[in-house]
Amino acid sequence: MNHFILRFKNVSVEFGQQPAIQDLTAQISCNTMTAVVGPNGAGKSTLLRSILGWHPLKNGEIRIGDSHAHHALPRIAYLPQRTDIDWDFPITVRSVVEQGRFPSLGPFRRFRAEDNNFVENAISEMGLQDIIKRQISTLSGGQQQKVFLARALAQGADIFLLDEPFAGLDIKATEDLVHTLQSWQNRGRTILSVVHNIELVKQFFSFTLLLRTNLIGYGETANVLTETNLQSAYGSLSYSGAET
Amino acid sequence: MSELSSFLFDPFQLEFMQKGLLAALFLSLSGGLLGSLLILRRLALMGNALAHSLLPGVALAYLFFPDNPISLFFGALLAALLTSLSSALVTRLTRIKEDSAFAALFIVFFGTGVVLSSKVGTLVDLFHFLFGNILSVNSSDLWLTAGTSTVTLSIILLFYRNILLETFDPIFYRATGGKGSIIHFSILGLTALNLVAALQTMGIVLSLGLFILPAVTALLWTNRLSILLIIAVFTAMISSISGIIFSYHASLPSGASIVIALGFCFLLSALISPQHGMITRFLRTIREGKNIFHTPN
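Chains as they are written, first to last, in this note's numbering: chain A, 3 to 246; chain B, 10 to 306.
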């Protein structure tokens, strides 16, 4: 039986008077790929940010392994949506990946051989060797995504929170990213990713957490993404709001 | 050769010109660094607003302590802090965004400053506040400028990684436990401090030129932040020296001459920069146009 790495116990989050997540209880196992699915405003991104401690919990608790979430930040890598980045920033691919070491180095410690190894391994694992000197705006969408995944790897994290990583990617880049995430899972990493494309989830994610502020279902994808559950999540008419 | 060396070095035989040059070089160092951060954080216009809001502080200090440069420094600093704090309050407590809050408050502060200046001094004084005068830099000004520049350089070098991370990707910085607001307000604070230090040399209106122009020039030449900072400082220093020499020989205002030298560097770079310049872009567009024309069906 797998160990549970992420535990949500009666978690509720509110924005003002508006509930964003209501009474969520779930336990996510190590070494799994879990999709967070639900309509807009269901609390998917809020859930990821609550793990990081950005939103105070109205009720309940979130634990990472045996620790409170904020004690386990070095274990977590968070990838926000790609639109948040200034792509014209004067920075090369290698410099972005090196940033992954900054949190553990702090402002004063020197970059050592060990840190260099983390960076080199992340670059080679993501296949970025040939583009390390390029400025980030000159890359394709898929390559840009890989650079930020490499930075997450360089952090040395083992829990990856991804917010809509497939948004804006073409079919080839989507396939590449899926293979990358699968290889991460095979190396013992845990992935929790917000995904809009239901077919993608059905094909590649073994676990799904279906939200509509409250938990509609959590477990193996085939058992969660049933017609009934999808209708509960996306509305009584159909779940056409979700990409398929 | 001796004519050239006399053209270049004669101005600096005079003590007040030496002080002016040193003040401009110190400001170039911190202005180049800070300006680069301001443009990358899209705060260039906010810096401009902050510069204008110094005027009432300067005018009030001039009213109460007319012959004390340190009081001008602290008067301006107080006005800058008041603008920053009020805009932060307006941003937090209302729906107004930070840039709009700055814009609204700076114009009120600037208007108040013009009224106060017209009451406490002459038009010459007002012009001095607005456009500076490098010839009036005295030893106290020079020490204040050197101190401000050293503090700015030290903070940027010591916290380079934090500043780089927060400027490039504030969400990542926050996700790894960083406090973005500390970086943001430190940069605004340093900007206020440097604007105040630049008051005697460049004046309120022109001081931001020494921050922003070197940075936008440097951005046209490199894709690396560390190199950008070096080019920005170098551009600011070269422009300051050439602007001061030019102003001496042509009997022109020094601050404006420095800004014109900086403007020349910027326009030249915008034209000829091999990667990001207008000529390159123009040629690339024509070439790509031709390629499209020749693409087989």
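Keep in mind the hints are simulated off the structure, nothing from the lab. Being a predicted model, the structure only gives us computed values, none of them experimental. All residues carry an ideal CB built from backbone N, CA and C; glycine is no exception. Among the clues, some could well be false.
Unchecked claim - Straight-line distance between alpha carbons at most 25 Å, and here's what the computed SDA-like set of lysine to any residue pairs gives:
| hint | chain 1 | residue 1 | chain 2 | residue 2 |
| --- | --- | --- | --- | --- |
| 1 | B | K188 | A | P109 |
| 2 | B | K188 | A | T34 |
| 3 | A | K135 | B | I191 |
| 4 | B | K188 | A | K204 |
| 5 | A | K11 | A | T48 |
| 6 | B | K106 | A | H57 |
| 7 | A | K135 | A | I161 |
| 8 | B | K188 | A | T48 |
| 9 | A | K135 | B | R50 |
| 10 | B | K106 | A | K135 |
| 11 | A | K135 | B | P179 |
| 12 | A | K60 | A | I87 |
| 13 | B | K188 | A | E222 |
| 14 | B | K106 | A | K204 |
| 15 | A | K135 | B | K188 |
| 16 | B | K106 | B | I191 |
| 17 | A | K135 | B | R293 |
| 18 | A | K11 | A | L107 |
| 19 | B | K188 | A | H57 |
| 20 | A | K135 | B | A279 |
What the hints assert, rightly or not - Short derived list, chain B residues pointing at chain A, Cβ under 8 Å:
| hint | residue |
| --- | --- |
| 21 | T100 |
| 22 | R104 |
| 23 | A112 |
| 24 | I164 |
| 25 | L174 |
| 26 | R233 |
| 27 | I239 |
Status of each hint after checking the structure:
Straight-line distance between C-alpha atoms of K188 (chain B) and P109 (chain A) comes to about 13 Å, which keeps the hinted pair within the 25 Å bound. Proximity of K188 (chain B) to T34 (chain A) is assessed by CA-CA distance (about 31 Å); at most 25 Å being required, the pair is judged violated. Proposed proximity of K135 (chain A) and I191 (chain B) is contradicted: the alpha carbons are some 31 Å apart, above 25 Å. The hinted pair formed by K188 (chain B) and K204 (chain A) fails the criterion: a straight-line CA distance of about 38 Å is larger than 25 Å.
With a C-alpha separation of about 16 Å, the suggested pair K11 (chain A) and T48 (chain A) falls inside the 25 Å cut-off, and the hint holds. Straight-line distance between C-alpha atoms of K106 (chain B) and H57 (chain A) comes to about 21 Å, which keeps the hinted pair within the 25 Å bound. Restraint check for K135 (chain A) and I161 (chain A): the C-alpha separation of about 28 Å exceeds 25 Å, so the hint is violated. At roughly 19 Å between alpha-carbon atoms, K188 (chain B) and T48 (chain A) fall within 25 Å of each other, so this suggested pair holds.
Our distance criterion of 25 Å between C-alpha atoms is met by K135 (chain A) and R50 (chain B), whose separation comes to about 23 Å. Proximity of K106 (chain B) to K135 (chain A) is assessed by CA-CA distance (about 37 Å); at most 25 Å being required, the pair is judged violated. Annotation: proposed proximity of K135 (chain A) to P179 (chain B) holds, straight-line Cα distance about 23 Å (limit 25 Å). For the given pair, K60 (chain A) sits about 31 Å from I87 (chain A) by alpha-carbon distance, which is inconsistent with the 25 Å threshold.
A distance of roughly 38 Å separates the Cα atoms of K188 (chain B) and E222 (chain A); the hinted pair therefore is violated under the 25 Å criterion. About 42 Å separates the Cα atoms of K106 (chain B) and K204 (chain A), which puts this hinted pair outside 25 Å; it is violated. At roughly 29 Å between alpha-carbon atoms, K135 (chain A) and K188 (chain B) are farther apart than 25 Å, so this suggested pair is violated. Distance check on the hinted pair: K106 (chain B) and I191 (chain B) sit about 18 Å apart at the alpha-carbon level, within 25 Å; holds.
For the suggested pair K135 (chain A) and R293 (chain B), the alpha carbons sit about 22 Å apart, so the restraint of at most 25 Å is met. Straight-line distance between C-alpha atoms of K11 (chain A) and L107 (chain A) comes to about 33 Å, which puts the hinted pair past the 25 Å bound. Among the hinted pairs, K188 (chain B) with H57 (chain A) is consistent with the structure: their alpha-carbon atoms are about 15 Å apart, no more than 25 Å. Note on K135 (chain A) and A279 (chain B): the hinted pairing holds, with a Cα-Cα distance of about 23 Å set against a maximum of 25 Å.
Hint on T100 (chain B) is violated. Least Cβ distance to chain A is approximately 18 Å, over the 8 Å limit. The beta carbon of R104 (chain B) comes no nearer than 14 Å to any beta carbon in chain A, farther than 8 Å, and the hint placing it at the interface is violated. A distance limit of 8 Å between C-beta atoms decides the matter here; for A112 (chain B) the minimum to chain A is near 22 Å, and the interface restraint is violated. For I164 (chain B), the interface hint is violated, since its Cβ never comes within 8 Å of a Cβ in chain A; the closest pair sits about 11 Å apart.
Hint on L174 (chain B) holds. Least Cβ distance to chain A is approximately 6 Å, under the 8 Å limit. Interface hint status for R233 (chain B): upheld, as the beta-carbon distance to the closest one in chain A is roughly 6 Å, under 8 Å. The closest approach between the C-beta of I239 (chain B) and any C-beta of chain A is roughly 12 Å, which is over the 8 Å cut-off, so the hint fails.
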